[in-house]
Each structure stands twice: as structure tokens, then as C-alpha cells.
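As they're listed, the protein sequences go chains A and B. For the record, in the first sequence the residue sitting at position 242 is 230 according to this note's numbering, with numbers rising by one throughout. For the record, in the second sequence the residue sitting at position 157 is 145 according to this note's numbering, with numbers rising by one throughout.
Because the hints were derived from the structure by calculation, they are not lab data. There may be inaccurate statements among the hints.
As the list makes no split between identical chains, a pair holds if one copy fits it or if it spans any two.
DSBU-like, lysine-lysine: derived pairs with alpha carbons at most 30 Å apart [what the hints assert, rightly or not]:
#, residue 1, residue 2
1, 93, 187
2, 65, 108
3, -9, 33
4, 93, 108
What follows is each chain in one-letter form.
There are 2 protein chains.
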Amino acid sequence: MSKRTVFFVSDGTGITAETFGNAILAQFDMKTRHVRLPFTDTIDKAHQAVRKINHTGETEGKKPIVFTTLVNMDVLKVLQEHCQGMLLDMFGTFVNPLENELGIKSHHRVGRFSDVSKSKEYHDRIEAINFSLAHDDGQSNRDLESAEVILVGVSRSGKTPTSLYLAMQHGLKAANYPLIPEDFDRRQLPPALVPHRKKIFGLSIHPDRLAEIRAERRPNSRYASIENCRMEVSEAEAMMRRSGIRWLSTTTKSIEEIATTILQEIKPERLVY
Amino acid sequence: MSKRTVFFVSDGTGITAETFGNAILAQFDMKTRHVRLPFTDTIDKAHQAVRKINHTGETEGKKPIVFTTLVNMDVLKVLQEHCQGMLLDMFGTFVNPLENELGIKSHHRVGRFSDVSKSKEYHDRIEAINFSLAHDDGQSNRDLESAEVILVGVSRSGKTPTSLYLAMQHGLKAANYPLIPEDFDRRQLPPALVPHRKKIFGLSIHPDRLAEIRAERRPNSRYASIENCRMEVSEAEAMMRRSGIRWLSTTTKSIEEIATTILQEIKPERLVY
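Next comes chain A alone, as it looks inside the complex:
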């Protein structure tokens, strides 16, 4: 397998360049070394970036791959003229055709995030993170009315990472509640949740995988035993079925896939699916 160095050059954080690059690189079976060059926002820094890229190319004898999301045309020009890597320029490629279609000029401002710290959207996102932290693992029943999603499931089914991801990525207030043996004995949802059934989404998991995950925390415990995991999962799934709660299995899914599926089902007002 050939190994290449890949650069991500941006005049902002480079997160878009990296997401964009990683998605494309995932289409190739190839080992890569990643170098990030964020905040490349002056001619000077552009020349520094070019020196790094060209030096890497000479040392390795292979053209580096260079993903860019540069909105500053002067900075981009330095790379276009001097960089000996293979330039994959996301903005240039798509912004120009869009200008034609829309009949408006792009403003070439660096800026996905600038001044964002004062925007309502940003404020709501921070609020959502705080809410999800305060409502992690059934810690609080306060203000559950303002939750947009309430995740339920047995301990270690993936509720916490999913709640935090929904808050961080989508600005959604996501609470989560464990389903525990007391609930199974009572054969009912935790009472605090009953008025909010419509916002509840269940996470389940294969008992074998659950036992593996729990054993990392508490090896050889009853909590992690396969018998107990089988019992809890089966009780939790039966309860979700009885209560008419939508649920999915997280066993082979990433946080992103779980979150997207939940959003498709719950359809929070702010997001159109």
C-alpha cells in the first residue's frame, strides 16, 4: 500500500477541509499521514505552507495531496502558483458555478465561525450542551418539558455519547435516562418520563456486545455477566415495545449514524428531513 502525506489548508479552523478530505480519502485503501495547517490567512503563511508541502514532496518523492478551503483569493493564488502538491480546492470548484446559478457574488469572507460566538445559534448550542450534561443519566427531572429528545436504554447502550453529540452537532437539548432493574420490576417507564413519551427514543444493544463493554469497566461482575446483560436487554426491549417507544440497536452503529436515525424519526422542528 502506498503511503501519502495529506495536507489540510484553511484560513479558518480547517475542520471543513478535514471533513471534506477524510470523506474523499475514505474511498481509497491507502495509508496516509495527515498534516493540518489551519489559520493560513496571510500571504506569508501561504508561503510557509507551500514550503512545507514542497519540502514533503521532495523528501518523500511523491506529490502530497492538498485539500484546501481557502476563501481568501490571494492566499489561494500563492498555493495555486507555487505548490507542487495535488491541489483539491473545494471552494474554487463549487463557489464559482454557484455564483452563476444564484446570480449573486460570494463574499469570500473567512467565516463559518467568525462572530458566531455572539449568534443565537451559537448560544443555543452552548445551552444545549449544558442541558444535556445536566440531564445525563437521569440526573435531573427538572425542565424535561424543554428537552427535544429523551433517550432511554440500559446502562452502556450509548445514551451519553449520543446525547452529547446531538447537543454539540445539532444544538438539540437531549436528556437521557437509564432503564434499570427497578423499572423492569415495575414493568413501567420511569414515572418522570411518562408525560414526554413522544420525545422518547430507545437505544438497545446486542447482549454480547454489552457484556464486552461492561466488562471493560467492571470485569467479572454480575453487572457485566452475559446472563444479566441478556436479561436487561430483553426486559428493556419488551418495555419499549409495550410503551410504543421507537428504538434502534446501537451494536454496529457509530454515534453519527445513531444520531441521524433519531433525528429522522423525531423530526425536531428546526431540522427538516
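Based on these hints, arrange chain B on the given structure of chain A.
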């Protein structure tokens, strides 16, 4: 300002399509309505997507903008042949030139996240989220050796969202510790942190902004008063200077920008800057 409907069509979660599209749309002053069509992974779903897009175009009298990250060529073909929106196809545009440069074929597998739930990277990321939660707000001194970053700063300077973001996005074990009046009286870092100085990064914030944020939580409190905020910020900055700790002001920065700056400074081994 013209208003357009923008579709994000993907055979996966659509997160890459959305990141890609949003970054490009940020270059235009234009109101948009966003519609997400994730998991479009069959010919049938492709035709459904086409119907939605074309219907929107007819209703609104304007070509919808369609960002796609489709790796399944049969699905993409349906859109290319039947969709009346403006198709901006990220994979087709960049994957083919890369195949030529690399001399290898792309595998056209949907897959940024598939089977990822079993990968080491994914496992480490979940571990990092759990670590950061357990080490939020100085909750625990246990196992601080394995922290990759330790954030310090006064209450509400942005430590918690930044720690969680570093864990979620970059798989970094990020602890955070509040700097409190007791530390200022002692004129020293919290003792538990002293052995880990190299991993410490400080967050500060303008006192006016801090007072605003604190007032949302506890209006008219001493905690939120501008005098107290001024004192705490000034003491915290003096302490960071005395202890030789690198720090930045979060006042006008987004979580993403704060995180990227920290990574550039701390340079964790796994990430090359």
C-alpha cells in the same frame, strides 16, 4: 434576498454533505431552507429523493441546490439523469482526479462510519468522551496522567464545551479544572495539576462577557457582578502568566476555533500540525 431550498443527499449520515454544503453556502448572503436526505442508498430511495427535489423546484419556481456525497454510482446516476436541481457532487468531482494521481481505484463503498463501531479509533473516542465527562469541572484527580489536555479557567470561561468537543471530534482525553478564589488566595495552581503543567492550557474571557453569561444563570448575584468577574479574570490571568501556562481569550471565539488553537499549541502526538 433570495431564498432557496438546499438538499443534502447522502448514502450515509449526510454529515459530510452538510458540512461541505454549509461551508460553501456561508460564502453567500442568502436565506436557505435545508432538507436532509440521509441513507439514500437504493435506486428506489434515489427516485424518492428526485421527486422531492423536483417537486420543490416546481413549487418554488427556483432550482434547488443539491449537495451530494454519494458513493454508490447507480444512486448518483438516478440523480444526475432525473434531478432538476443544481447538483454539486463532491465525490465525483474529486475522486476521479485522485484516482489518476494515486494510480489506484476508489472502492465506492459507503463507509466513513461503517464498521467503525468496532474500530480502535472509535473505541478511543468513546473512552475520551467518558474520560472528559468524569474529569469535568475538577470532579476527579484520578488518572490525570492519561489526560492529553487539561483546561483551566474561571467558571463559565468555556472549559466544558471545549473539553467535550476535543473528546468528541478529536478523540482527545481532555480534563478541565476551575480556577476558584481559594486558588487565587493561595496564589498557586490547584496542587493536583502541578505535575501536569505541560498539558495545561488556560481559557480566559473578557469580564463584561463573563458577567453577561453568569447573569443568565444567577442574575443579580455577587458571582455574576462585574466587579467580581473583573477580579476573577485578572487573578486567573496573573496566575497563568506566573505559572507559564499558555492561554487564550474565548470571548469572540467559537468552540471549534478554541479547540483548533489548543491543538496547535499542545500538539498531541496523534495529530500533526
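A quick look at each hint next to the structure:
{"no.": "1", "hint": "93 / 187", "result": "neither (42 Å within a copy, 44 Å between copies)"}
{"no.": "2", "hint": "65 / 108", "result": "neither (35 Å within a copy, 39 Å between copies)"}
{"no.": "3", "hint": "-9 / 33", "result": "within (26 Å within a copy, 37 Å between copies)"}
{"no.": "4", "hint": "93 / 108", "result": "within (26 Å within a copy, 45 Å between copies)"}
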